[in-house]
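Generate the whole structure from the sequences, applying the supplied hints.
2 protein chains.
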Amino acid sequence: MNSITLVCLLLCTGVSSFRFEELTQYVNSHEEEFIETLRQWIAVESDSSDVTKRPDLHRMMDMTAEKLRLVGGSVEMVDVGTQALPNGSSLALPKVVTARFGEDPSKRTVCVYGHVDVQPAKKEDGWATDPYELTDIDGNLYGRGASDNKAPVLAWIHTVEVYKALNIDLPVNVKFIIEGMEETGSNGLDDMIVAQKDSFFSDVDYIIISDCVWLSRRPALTYGTRGNCYFFAEVEGPKKDLHSGVYGGTVMEPMTDLISILGADLLRQLKTLHIIRLCFGCSTKLFPLDSSKVDLLAHRWRHPTVSIHGIEGAFSSPGTKTVIPAKVIAKFSIRQVPNMDPAVVEKQVTDYLHSVFAKRKSPNKLNITMVIGAKPWLADPKHPLYEAGKAAVKRVFAVEPDLIREGGTIPIARTFQDVTGKSIIMLPIGGFDDGLHSQNEKISRYNYMEGTKLFIAYLHEVSQIKKY
Amino acid sequence: MNSITLVCLLLCTGVSSFRFEELTQYVNSHEEEFIETLRQWIAVESDSSDVTKRPDLHRMMDMTAEKLRLVGGSVEMVDVGTQALPNGSSLALPKVVTARFGEDPSKRTVCVYGHVDVQPAKKEDGWATDPYELTDIDGNLYGRGASDNKAPVLAWIHTVEVYKALNIDLPVNVKFIIEGMEETGSNGLDDMIVAQKDSFFSDVDYIIISDCVWLSRRPALTYGTRGNCYFFAEVEGPKKDLHSGVYGGTVMEPMTDLISILGADLLRQLKTLHIIRLCFGCSTKLFPLDSSKVDLLAHRWRHPTVSIHGIEGAFSSPGTKTVIPAKVIAKFSIRQVPNMDPAVVEKQVTDYLHSVFAKRKSPNKLNITMVIGAKPWLADPKHPLYEAGKAAVKRVFAVEPDLIREGGTIPIARTFQDVTGKSIIMLPIGGFDDGLHSQNEKISRYNYMEGTKLFIAYLHEVSQIKKY
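Same order as they appear, the protein sequences are chains D and E.
Under the working numbering, the residues of the first sequence are numbered 4 to 471, in order.
Under the working numbering, the residues of the second sequence are numbered 4 to 471, in order.
Which copy is meant is left open, because identical chains are indistinguishable; a pair holds if it fits in one copy or across any two.
In silico BS3-like links for lysine-lysine, alpha-carbon gap of 25 Å or less:
id : residue 1 : residue 2
1  : Lys-126   : Lys-56
2  : Lys-126   : Lys-243
3  : Lys-125   : Lys-56
4  : Lys-243   : Lys-296
5  : Lys-364   : Lys-243
6  : Lys-242   : Lys-364
7  : Lys-469   : Lys-110
8  : Lys-296   : Lys-242
9  : Lys-243   : Lys-125
10 : Lys-125   : Lys-242
11 : Lys-296   : Lys-364
12 : Lys-425   : Lys-110
13 : Lys-242   : Lys-126
14 : Lys-200   : Lys-469
These are calculated hints, taken from the structure and not from any lab test.
No experiment lies behind these values; they were computed from the predicted model shown.
Right, here's the structure in full:
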């Protein structure tokens, strides 16, 4: 324990009149009610990547605003414009929900960021249960978005609710900023943050993000994330799919082009581009069984990587189909680390794939688009925000937290840092095995309820931070 | 015109009492009725590759049997056993429908082969119309299976029907053998042909297959097809899909493995395996714009090729998903040519992909399965069957037919040849632009009706063939 921690602990315990027992008791007695709200939220298929689900996403934002109003917040729904679609049309973005609880200038002001959109999920992807029907199995609450990020957002709202229900003053002013496009790159939010830098954010001291998970069974504080450059590589050839018997051997097949530039050529990049070498190198070399714990975590947090997620337009059903797909779109993403710039990654990847494709002398057309370009983020784990986090974890869980980084991306963290200049902490309550983005995503009752208590305690600890 | 053609033409015209005008007039006056039957057949989603559609496929076989009975055939539905599924269970194969019209020992006997199963099709694949609702646009009849192979099968049944309706004796005895598994490799049919070699096939002189298309607007006779070895390459890794941010860089991703062996390594095969070199070579080298007509047709008919159809298990929807798929299955097929043996291709492909995969030292599991292994077929285009075909084409269309081979595969042609020893002709009526296996498959009213007339004429011409 270092000296800062010691000072903080002295400040945070004993002296205060923090009525923590009463607050946690309230959480315990309202567990089923909190789960019921989560059930209602999970039932909304707020998949931001699927434009056909946009009405559900709008409804999810309305429900979020309504919930915040219900617990006494001053709520606004901020129009952040439209989204340009690949076909040239545009679509309204989900509004960003902001809320304010308290305006006492003598208190600290925190801003809680979260999102209520989710990744795609279908039962037939291999879910044991309907992904949009919250299902409790042995104390685990299964459903798409349970851990990422609906339960954490609700835990924060319940935090405020619990203070209010017990008529206990919030120890800090609390603001909320809840978006609906996180899973596809937080479209529109960057501009909104820039626009509201001197209004909504002017009195904010700290920004809290609870959109990640612990590393183990021990609670964690997160001080860094990787960025994400998500690419579409589209190869377009014949006007329509062709019979592979009739045309095989007489046309350059878009699928062969695509597999070739993704496969052969990504390996060849090992010898050419430094950054891309790093990306593609590690996924071919690393595997936990061969790695020490330090290596493993380094490759998860500090090294870039690439993942090929799938191919749109090709035959993807069970069974056989003898078709030459006319247009195929590979989806792959590169997680970058500090000092990598998405704009540079975009140029390098685009130039490289085009140069490789050109060598094939294919008559087909290649189009590379970076559809998400989210920067990495890094904080100082010695900042008082983290000391407050340690104290809160200690109070609720009676252990020291892990201090970790995150392999995933919370696109907006870096924008908050760059635009507002505020200090940021990531305070996760999700379990290490929650299966974010995967089949059978869940959050446990334990993490949902104890996580709410952690947030309750954290507001108190933050109120104890001395101004520098 | 060679001497055999001349002799045939002399035999076929003038001397005979062939009432061709009456027969074609009947076809003309029943066009709408014939199209209505096709509409009913197209409405059945008899996709043999999708086990969930098996009830539709059984229904399609029943409808075929019923139609043959209605026009006076002696019909049997032959049980050809069950199909083993990848999960270890088994499923009843669709029965094979046989029918017989006439048993006059003084006449020739032909056996018409066809199939009533279809390739997969979904509106969202890019069809302009519902693939299972026959739609007439400018004289083209759009629907899955319209050209491949429902309309040709119906044209043959209508041929018999027309003779009967006009009370004209069939010039030859006609047998039918109609199956429902052609699109997935004619499962069960090989064994049935072997079993019935000395019964159903004993009095058959010739086998006629009309399961292909013309090369141009000119009618064609087809004397060869390529074979088809269809592979599943499955790479299985984590127990479930993983978040690519959280796990990217720390696991060997099945998708990376798969793309790598399909892309990099298939190219490397250029230097190793002769047969595979041929396969993968031509698809990277050939393109119509760079090729003479002879080269183009050679690569379509006489050279092997490979097509990668798609990947099951990866993300294939529009939009973005940051997932590491846990299990991915590439589907690819190799069209082989005479003197290539599917068993050898299977061993070479399997061994090679495993050897390449082994070098990656991936902890994932690779499983290669050849799910279709259909042999190529080649006939003698100077055989009297083809001379009869020329005469029939000349009678109906007043042109000489193209003599062509087919890039696609009719799996059973080779089995008929090897097992029964009978001579075979492929007599297509489908148009060159019918889009078999593709979106917006169609047959034109013209090809459907004139094709029926071609079959009517062909039965007459075959009856004129002298015994050797």
